[in-house]
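A.B. asks: Next come the chains, spelled out residue by residue.
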Amino acid sequence: MTPQAILFCILAIIAIVAAIMVIIQKNPIKSILWLLVVFFALSAIYFSLNAQFLAIINLIVYAGAIMVLFLFVLMLINFKSLETIQKKYRFVFYAVVIVCGVLTLLMLLINQTQSLQKVSILNDSNNVGLIENLGKTLYLDYGVPFELTSILFLTAIIGAVLLSKIKKIEI
Amino acid sequence: MTILKFILIPIIIIALFSIIGMFLVYMERKVCAFMQIRIGPNRVGKFGMLQTVADTLKLVLKENFSPKYIDKFLYNLAPLLAIIIPFVLTIPIAYSKSWQIWDINIGVLFITAFSSLSVISILIAGWASNNKYSMIGALRSGAQIISYELSGGLAILTIVMFSQSLKISEIIASQANGWWIIKGHIPVIVSFCIYMITITAECNRAPFDLTEAESELTAGFHTEYSGMKFALFFLAEYLNIFILSALGVILYLGGWQPFHLPNLLEFNNIMDFIPAPIWFFFKVFLIIFIIMWFRWTFPRLRIDQLLKLEWHFLLPLSLLNLIFGFILIMLNFIVK
Chain P
1 MTPQAILFCI
11 LAIIAIVAAI
21 MVIIQKNPIK
31 SILWLLVVFF
41 ALSAIYFSLN
51 AQFLAIINLI
61 VYAGAIMVLF
71 LFVLMLINFK
81 SLETIQKKYR
91 FVFYAVVIVC
101 GVLTLLMLLI
111 NQTQSLQKVS
121 ILNDSNNVGL
131 IENLGKTLYL
141 DYGVPFELTS
151 ILFLTAIIGA
161 VLLSKIKKIE
171 I
Chain F
1 MTILKFILIP
11 IIIIALFSII
21 GMFLVYMERK
31 VCAFMQIRIG
41 PNRVGKFGML
51 QTVADTLKLV
61 LKENFSPKYI
71 DKFLYNLAPL
81 LAIIIPFVLT
91 IPIAYSKSWQ
101 IWDINIGVLF
111 ITAFSSLSVI
121 SILIAGWASN
131 NKYSMIGALR
141 SGAQIISYEL
151 SGGLAILTIV
161 MFSQSLKISE
171 IIASQANGWW
181 IIKGHIPVIV
191 SFCIYMITIT
201 AECNRAPFDL
211 TEAESELTAG
221 FHTEYSGMKF
231 ALFFLAEYLN
241 IFILSALGVI
251 LYLGGWQPFH
261 LPNLLEFNNI
271 MDFIPAPIWF
281 FFKVFLIIFI
291 IMWFRWTFPR
301 LRIDQLLKLE
311 WHFLLPLSLL
321 NLIFGFILIM
331 LNFIVK
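Those sequence lines, one after another, are chains P and F. So in the numbering used here, the last spot in the first sequence is 171, and the numbers never skip. So in the numbering used here, the last spot in the second sequence is 336, and the numbers never skip.
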């Protein structure tokens, strides 16, 4: 194994363990903090693949902004009432079956798709993830889809603002 | 050789940061005294220079008291997280032409990303200490840092647009024929003012120190901390100021480059004679002095005034400023 592969294994194990901790924690604040560890591990993986821009944007958007908003909501909610909710094991069986089914399907698809197998990010990627190449690809090759996505985001933002305003008028 | 680097660089950085932290506390007290026509610390050492050393000793020897109904692990983790962030932030900072740990090709974004993470340690501290004052202080700080990040990022983006790079060394190199604050006309001056306001707000310093507004919240998010844990928060605040001021110097004041006047060869030669790190630290401390000046001059804002200032004034202004700068570049008004 190359050093990079060992690093990847360590980071992947950290990410998976932290992701499991997110689910099994009883305290919502602690599970959010474990989610933060997941984001950090993912960012570290991006760094090790030389995708620096992606790593930093992952930190700014997820660990910085969205995470803090999550923490905000959880701190403002009185979650002592949440803790009293009885555990329901009824859906666990169905959930396990569905998740395992989707995972096996995905694995089979990835195994069959040849274009995915050929892509080896670890080897020939000295400057794939750098900001200049990313910008060129996004704005030249995929210009129209990129702009459409931004319009989608704008719609979501305006929708959120409108929702909060309508409530105020009704009250 | 690389192993030596791995050992030496952290030691140098830790030594540098502890000296800077102590010096900044001393400087704060002296500047405060100067503003209020007092003398300030003058007993320990010459001109009271060793006052902070004595204070640090006292903090180290103090009992580490922690309250009963806290989340032990998170309560102890928060000050450590707070102190880690400035150490991460120093990675892309260029102290001189060759004194730079990693010239990452998105250095400016790196600093903005990691400086925004300081809010997480504050939120953890506020939540884990199980105190209403800490909680309110932490939430205020979260709202404040998240909103001021926006206009701060846009102010930085103006310079990135002018120098056409996110790499710290290239941004400094683009100022070889004049610092951006001099050759950048109105957009850069506006963005410099916005940047100064946002770094004051992001470091939770007066007039934006609502997180620890003594008169309302006892001490805000670090009410329950004592001894060295409190000192770590304190140190982290000063080191964050230092790093963000250093970024300001890199973006607007030419980094480690000496001050040059056009057509004055002798003057420029004398300026070149002063080593680059001295120029860098001189400029950084100039900016820190301005931030301290803010603290002892302006009254504290209310929380609604603070958020209004950002969302109704600074954010639209920085967006307009960005567009204005873009038009100037398109008209070939600004030479890189």
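Bear in mind the hints are in silico, worked out from the structure with no lab data behind them. It should be emphasised that the depicted structure is a prediction, and the values quoted were computed from it without experimental measurement. Incorrect hints may have been included.
To be verified - Distance condition first, Cα-Cα at most 20 Å in a straight line; then the derived DMTMM-like pairs of lysine to aspartate or glutamate:
#: 1; chain 1: F; residue 1: Lys30; chain 2: F; residue 2: Asp71
#: 2; chain 1: F; residue 1: Lys167; chain 2: P; residue 2: Asp141
#: 3; chain 1: F; residue 1: Lys132; chain 2: F; residue 2: Glu214
#: 4; chain 1: P; residue 1: Lys30; chain 2: F; residue 2: Asp71
#: 5; chain 1: F; residue 1: Lys46; chain 2: F; residue 2: Asp71
#: 6; chain 1: F; residue 1: Lys167; chain 2: F; residue 2: Glu214
#: 7; chain 1: F; residue 1: Lys97; chain 2: F; residue 2: Glu216
#: 8; chain 1: P; residue 1: Lys26; chain 2: F; residue 2: Asp71
#: 9; chain 1: P; residue 1: Lys165; chain 2: F; residue 2: Asp304
#: 10; chain 1: F; residue 1: Lys183; chain 2: F; residue 2: Glu170
#: 11; chain 1: F; residue 1: Lys97; chain 2: F; residue 2: Glu170
#: 12; chain 1: F; residue 1: Lys132; chain 2: F; residue 2: Asp55
A.B. asks: Given the hinted pair Lys183 of chain F and Glu170 of chain F, is their Cα-Cα distance within 20 Å?
C.D. replies: Judged against 20 Å, a Cα distance of about 17 Å means the pair holds.
A.B. asks: Given the hinted pair Lys132 of chain F and Glu214 of chain F, is their alpha-carbon gap at most 20 Å?
C.D. replies: holds, 14 Å
A.B. asks: CA of Lys46 of chain F to CA of Asp71 of chain F, is that 20 Å or under?
C.D. replies: violated, 44 Å
A.B. asks: Straight-line Cα separation of Lys30 of chain P and Asp71 of chain F no greater than 20 Å?
C.D. replies: holds, 10 Å
A.B. asks: Does Asp141 of chain P lie within 20 Å of Lys167 of chain F when you go C-alpha to C-alpha?
C.D. replies: Violated: Lys167 of chain F and Asp141 of chain P sit about 25 Å apart, past 20 Å.
A.B. asks: Does the alpha-carbon distance linking Lys165 of chain P and Asp304 of chain F stay inside the 20 Å limit?
C.D. replies: holds, 19 Å
A.B. asks: Please verify whether Lys167 of chain F and Glu214 of chain F have alpha carbons no more than 20 Å apart.
C.D. replies: With Cα atoms ~40 Å apart, Lys167 of chain F and Glu214 of chain F exceed 20 Å; violated.
A.B. asks: Checking one constraint from the list: CA of Lys30 of chain F to CA of Asp71 of chain F, max 20 Å. Satisfied?
C.D. replies: violated, 38 Å
A.B. asks: Need the status of pair Lys26 of chain P, Asp71 of chain F: alpha-carbon distance at most 20 Å?
C.D. replies: holds, 14 Å
A.B. asks: Between the alpha carbons of Lys97 of chain F and Glu170 of chain F, is the straight-line distance 20 Å or under?
C.D. replies: Judged against 20 Å, a Cα distance of about 11 Å means the pair holds.
A.B. asks: Below or equal to 20 Å on CA atoms is what counts here, so check Lys97 of chain F against Glu216 of chain F.
C.D. replies: Distance of about 46 Å is beyond 20 Å: violated.
A.B. asks: Decide if the proposed pair is consistent with the structure: Lys132 of chain F and Asp55 of chain F, CA atoms, cutoff 20 Å inclusive.
C.D. replies: violated, 29 Å
The structure does not agree with the numbered hints 1, 2, 5, 6, 7 and 12 stated previously, though it agrees with the rest.
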